[in-house]
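**Q** One letter stands for each residue in the lines below.
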Amino acid sequence: MTEKQLDITGEVCPFCLLIVKRELKNLNSGSTLIVKLDHPPAAKDNIPAAMKKAGHRIETKLLEPGLWELHIVKQ
Amino acid sequence: MAEGWIPGDIALILVPVITLGLGLLIGYLAQRSGFCSIGGFRDLFLFKQTRLFFGYMALIAFSFIGYLIFWLIAPHIIDGFYWSANQANPFKPIPGSIPGLSVASYVILALVGGFGMGFLGVILGGCPLRQVVMASEGNRKSIFFVLGMSIGAIIYHGFILGLVQGWFIAAGLGAG
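Respectively, the protein sequence lines represent chains Y and F.
Under my numbering, residues 28 to 102 are what the first sequence spells out, in order.
Under my numbering, residues -1 to 174 are what the second sequence spells out, in order.
The shape of chain F in the complex, shown without the other chains (with noise of 0.2 Å):
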C-alpha cells in the first residue's frame, strides 16, 4: 500500500486481493442498485426520477470522505489531493503527472471528456459503470459498449495522448 506503512511484499499480494474485493462488492451493489450517473441526470430532467441522482450525490459525498478518512490515516500517499487544493499557479504541472500537463490542462480534457461521455452515455442508454453491469448481466449493446470503450481507451493512449499533449505545450498550457 505504501512505502513503509506495509512490507513491500505483502502490499505486493494484499493490495490486489483488496482491489479485487472491493471491485466484487461494487459491482454487487451497482448491480443491485441500478446505479448509474448518467442516468441519475437524465430521470431528473426528463422524467423528474430522483432515486439515481440521489444515489449519485451519495457516491460523490461518500468517496471524498472516504478520501480525507484516508488521507487522515495515511498523509504521505496521498499529497496529490493537498497540492492540487492549495496550488496557486494553475499552469505549473503536478508532481508526478505526465510532463507537460498542468492543472488547467487537465480541467480542459476532464470537461471535454466529461461531455463527450454524458453526452454519449444518454444515447447509449447509461454510464460506463452501468454499462458494464449490464454486460454482465449478457446485455448485447452494453457488450459492444465495453468493448468499443476499451478498443478507444488503448486508441486515444496509444496515438493520441501524444498529439494532445503536443498542443497543450504549444498553446501554453504545459508546464507553467
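Only chain Y is shown next, with the shape it has when bound in the complex (with noise of 0.2 Å):
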C-alpha cells in the first residue's frame, strides 16, 4: 500500500480531475493519494462526485480558506 503526494494547486477544472484520473491509474488499489489544489470547483464538486462515482473512497479537508486536500483511497 503506497501513499502518493499530489500538488495541483494553480491548475483548475478540467485538468485538476484529468490529472488525478492519470495519476490513480498508476497506483495499485489500496494506495492513498493526496490531493493538494485551490480550484473551488475541482475540490468541492468534480473530483468527490467522480471519485465516488467510480467507487473510491475519498476524504476532504480544508487545510485554509481556498486551499484543500484531498485523500483518496483507490478501490
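Read the hints as simulated data drawn from the structure, not as lab findings.
You may find that some hints are simply not true.
What the hints assert, rightly or not - Straight line, CA to CA, 30 Å or less: simulated DSS-like cross-link-like pairs of lysine-lysine:
| # | chain 1 | residue 1 | chain 2 | residue 2 |
| --- | --- | --- | --- | --- |
| 1 | Y | Lys80 | F | Lys139 |
| 2 | F | Lys139 | Y | Lys52 |
| 3 | F | Lys139 | Y | Lys48 |
| 4 | Y | Lys31 | F | Lys139 |
| 5 | Y | Lys101 | F | Lys46 |
| 6 | F | Lys46 | Y | Lys80 |
| 7 | F | Lys46 | Y | Lys63 |
| 8 | Y | Lys48 | F | Lys46 |
| 9 | F | Lys139 | Y | Lys63 |
| 10 | F | Lys46 | Y | Lys52 |
| 11 | F | Lys139 | Y | Lys88 |
| 12 | Y | Lys48 | Y | Lys80 |
| 13 | F | Lys46 | Y | Lys79 |
| 14 | Y | Lys63 | Y | Lys48 |
| 15 | Y | Lys101 | Y | Lys88 |
| 16 | Y | Lys71 | F | Lys139 |
| 17 | F | Lys139 | Y | Lys79 |
| 18 | Y | Lys71 | F | Lys46 |
| 19 | Y | Lys88 | F | Lys46 |
| 20 | Y | Lys31 | F | Lys46 |
To be verified - Pairwise CB distance ranges, derived in the manner of DEER restraints:
| # | chain 1 | residue 1 | chain 2 | residue 2 | range |
| --- | --- | --- | --- | --- | --- |
| 21 | F | Ile63 | Y | Asn53 | 45 to 51 Å |
| 22 | Y | Lys79 | F | Met115 | 49 to 55 Å |
| 23 | F | Leu127 | Y | Lys52 | 46 to 52 Å |
| 24 | F | Ile71 | Y | Ala81 | 30 to 36 Å |
| 25 | Y | Leu94 | F | Gly114 | 27 to 33 Å |
Said to hold, decoys possible - A few chain F residues facing chain Y, derived, Cβ under 10 Å:
| # | residue |
| --- | --- |
| 26 | Arg40 |
| 27 | Lys46 |
| 28 | Arg49 |
| 29 | Met115 |
| 30 | Phe117 |
| 31 | Ile121 |
| 32 | Gly123 |
| 33 | Gly124 |
| 34 | Val131 |
| 35 | Glu135 |
| 36 | Asn137 |
| 37 | Arg138 |
| 38 | Gly146 |
| 39 | Ser148 |
| 40 | Ile149 |
Think of the CB as a built atom: it goes at the ideal place given N, C-alpha and C, for glycine as much as any other residue.
The two chains are supplied separately, each in an independent frame; assemble them into the complex guided by the hints.
**A** If you want it as C-alpha cells, here you go:
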C-alpha cells in the first residue's frame, strides 16, 4: 500500500480531475493519493463526485480558506 | 420600470434597488450551487457528470418562462422579443439597435463571441459568472479573469466595435 502526494495548486477544471485520474491509474488498489489543490469547483464538486462514482473512498480537508487536501483511497 | 406603468421618479429609485436585490440573490444562488454554464458542457463530455448541465438547462428554460410572463404583464416594455421572432428579413436593423447592425450581424457576433467564451472558459476553468463568484471567494486566478474580462470589454467597446460595425455594413449585413 503506497501513499503518493500530488500538488496541483494553480490548476483549474477540467485539468484537476484529468490529472487525478491519470495519477490514480498508476497506483495499486488500496493505495492513497493525497491531492493538494486550490480550485473550488474541482475540490468541492468534480473530484469528489467522480471518485465516489468510480467507487474510491475520498475525504476532503480544508487546510486554509481556498486550499484543500483530498485523501483518495483507490478501490 | 417603464413609461407610464410606474411613475418615472419612483422607477428611478426602484429599479436600482430591485436590480441590486436580484443581483445579491443570483450571486448567493450561484455560489451555493456552484453554477457554471461551461462546466456543465465540459463535465458532461469529459466526465459524464450532468449536475451542472441540468442546472444550466434549467436556467435557460426558466429565463424563457420568466421573459414570457414579464411580456404578458407588460408587453409594451419588451416588444423587441416579439419583433425579432417575427422578422421576415433577417437583414433589417432591429429598432433601437446600433445603427447598421441587423439580426444577421448580431447572430454572427453571437456565434463568434460564444465560441470564444466557451473555448477560453474551459481553458481558464469556468464561465464568467463562475469566475466572478470565485473571485468574490478570493480566488486569485478568477480575480485576474474578471479584471481581464472588464478591460477587454472596455477595449472592444472603445476601439473595436466601430471597426466591426464598418465591416458588417461593407459586407452588406448592415441595414437591409
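**Q** All hints are to be evaluated individually against the structure, with a verdict given for each.
**A** How the hints compare with the structure:
A C-alpha spacing of about 29 Å is found between Lys80/Y and Lys139/F, which places the hinted pair at or below 30 Å, so the restraint holds. Between the alpha carbons of Lys139/F and Lys52/Y the distance comes to roughly 29 Å, so the proposed pair stays at or under 30 Å and holds. With a C-alpha separation of about 23 Å, the suggested pair Lys139/F and Lys48/Y falls inside the 30 Å cut-off, and the hint holds. For the given pair, Lys31/Y sits about 27 Å from Lys139/F by alpha-carbon distance, which is consistent with the 30 Å threshold.
For a cut-off of 30 Å, the pair hint linking Lys101/Y to Lys46/F stands: about 20 Å separates their Cα positions. Only pairs whose Cα atoms come within 30 Å are accepted, and Lys46/F paired with Lys80/Y is accepted, the gap being roughly 10 Å. For the hint linking Lys46/F to Lys63/Y, the alpha-carbon distance of about 24 Å falls within 30 Å, and the restraint holds. Taking the CA atoms of Lys48/Y and Lys46/F, the gap is near 14 Å; set against the 30 Å cutoff, the hint holds.
Taking the CA atoms of Lys139/F and Lys63/Y, the gap is near 17 Å; set against the 30 Å cutoff, the hint holds. Taking the CA atoms of Lys46/F and Lys52/Y, the gap is about 18 Å. The hint holds against a cut of 30 Å. Taking the CA atoms of Lys139/F and Lys88/Y, the gap is about 21 Å. The hint holds against a cut of 30 Å. Annotation: proposed proximity of Lys48/Y to Lys80/Y holds, straight-line Cα distance about 12 Å (limit 30 Å).
About 13 Å separates the Cα atoms of Lys46/F and Lys79/Y, which keeps this hinted pair within 30 Å; it holds. Restraint check for Lys63/Y and Lys48/Y: the C-alpha separation of about 14 Å stays at or below 30 Å, so the hint holds. Restraint check: the Cα-Cα separation between Lys101/Y and Lys88/Y comes to about 17 Å, which is no more than 30 Å; the hinted pair holds. Distance hint between Lys71/Y and Lys139/F is fulfilled; the C-alpha atoms sit about 17 Å from each other, no more than 30 Å.
Between the alpha carbons of Lys139/F and Lys79/Y the distance comes to roughly 28 Å, so the proposed pair stays at or under 30 Å and holds. At most 30 Å may separate the alpha-carbon atoms for a hinted pair to count; Lys71/Y and Lys46/F meet this at roughly 17 Å. The suggested pairing of Lys88/Y with Lys46/F holds, with an alpha-carbon distance near 25 Å, which does not exceed 30 Å. Between Lys31/Y and Lys46/F, the direct Cα distance comes to roughly 27 Å. Compliance with the 30 Å bound is thereby established for this hinted pair.
For Ile63/F and Asn53/Y, the hinted distance range of 45 to 51 Å is satisfied, since their beta carbons lie about 49 Å from each other. At roughly 31 Å, the beta carbons of Lys79/Y and Met115/F sit outside the given window of 49 to 55 Å. In this structure the hint that Leu127/F and Lys52/Y lie 46 to 52 Å apart at CB is violated, the actual value being about 33 Å. For Ile71/F and Ala81/Y, the Cβ-Cβ distance of about 49 Å falls outside the hinted range of 30 to 36 Å, so the restraint is violated.
Restraint check, Leu94/Y to Gly114/F: a C-beta distance of roughly 31 Å satisfies the suggested window 27 to 33 Å. This hint holds: Arg40/F has a C-beta 5 Å from the nearest C-beta of chain Y, less than the 10 Å allowed. For the restraint placing Lys46/F at the interface with chain Y, the shortest Cβ-Cβ distance is roughly 8 Å, inside the 10 Å limit, so the hint holds. A distance limit of 10 Å between C-beta atoms decides the matter here; for Arg49/F the minimum to chain Y is near 7 Å, and the interface restraint holds.
Of the supplied interface hints, the one on Met115/F is violated, with its beta-carbon coming no nearer than about 15 Å to a beta-carbon of chain Y, more than 10 Å. For Phe117/F, the suggested interface contact is broken, since its CB lies about 13 Å from the closest CB of chain Y, more than 10 Å. This hint holds: Ile121/F has a C-beta 8 Å from the nearest C-beta of chain Y, less than the 10 Å allowed. Hint status for Gly123/F: holds, given a least beta-carbon distance of 3 Å to chain Y, under 10 Å.
The beta carbon of Gly124/F is positioned within 10 Å of a beta carbon in chain Y (closest approach about 6 Å), and the interface hint is therefore held. The interface hint given for Val131/F holds, since its Cβ lies 9 Å from the closest Cβ of chain Y, which is under the 10 Å cut-off. Satisfaction of the interface hint for Glu135/F is found here, the shortest Cβ-Cβ separation to chain Y being roughly 6 Å, below the 10 Å cut-off. About 6 Å separates the beta-carbon of Asn137/F from the nearest beta-carbon of chain Y, less than 10 Å, and the hint is met.
At about 9 Å, the closest approach between the beta carbon of Arg138/F and any beta carbon in chain Y falls short of 10 Å, and the interface hint on this residue holds. Here the hint on Gly146/F is broken, as its CB sits about 14 Å from the closest CB of chain Y, past 10 Å. This hint is violated: Ser148/F has a C-beta 19 Å from the nearest C-beta of chain Y, more than the 10 Å allowed. The closest approach between the C-beta of Ile149/F and any C-beta of chain Y is roughly 20 Å, which is over the 10 Å cut-off, so the hint fails.
The structure does not agree with the numbered hints 22, 23, 24, 29, 30, 38, 39, 40 stated previously, though it agrees with the rest.
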